[in-house]
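Q: Sequence:
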Amino acid sequence: MASVEEKVAQVQKQSARVEKENVPPLISSNVANFVPMSPEVVEALRAEAALNECQRMEAELGDF
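Numbering (the UniProt record's numbering), first residue to last: 1 to 64.
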């Protein structure tokens, strides 16, 4: 039993150490440097994504 208790104590120490460590920010540097896009660019990207999705679906349905 002592070995189990020792392992539990060791895990508790490790978890306490992890909680104290500095945690990097969740926001990546790419997102931090985000520049708003014009409505025209957003619409063009949406249209391209829709076309890609249609082509992907046609390719998958063509396999049947």
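Simulated from the structure, these hints should not be mistaken for lab results.
Values in this document were obtained by computation on a predicted structure and should not be read as measured data.
The beta carbon of each residue, even a glycine, is placed where N, CA and C say it ideally should be.
Do not rely on the hints blindly, as some may be mistaken.
[Unchecked claim] Listed next, with one range per pair, are the computed distances between beta-carbon atoms:
hint	residue 1	residue 2	range
1	Ala47	Val11	47 to 55 Å
2	Leu61	Glu40	51 to 59 Å
3	Glu6	Ala59	54 to 62 Å
4	Leu61	Ala9	54 to 62 Å
Q: The structure should be examined with respect to each hint, and the outcome stated for every one.
A: Going down the list of hints, with the structure as the test:
1. For Ala47 and Val11, the hinted distance range of 47 to 55 Å is satisfied, since their beta carbons lie about 53 Å from each other.
2. Checked against the given bound of 51 to 59 Å, the beta carbons of Leu61 and Glu40, roughly 32 Å apart, lie outside it.
3. Between Glu6 and Ala59 the C-beta distance comes to about 58 Å, which sits within the given range of 54 to 62 Å.
4. Between Leu61 and Ala9, the C-beta spacing of about 59 Å keeps the proposed range 54 to 62 Å intact.
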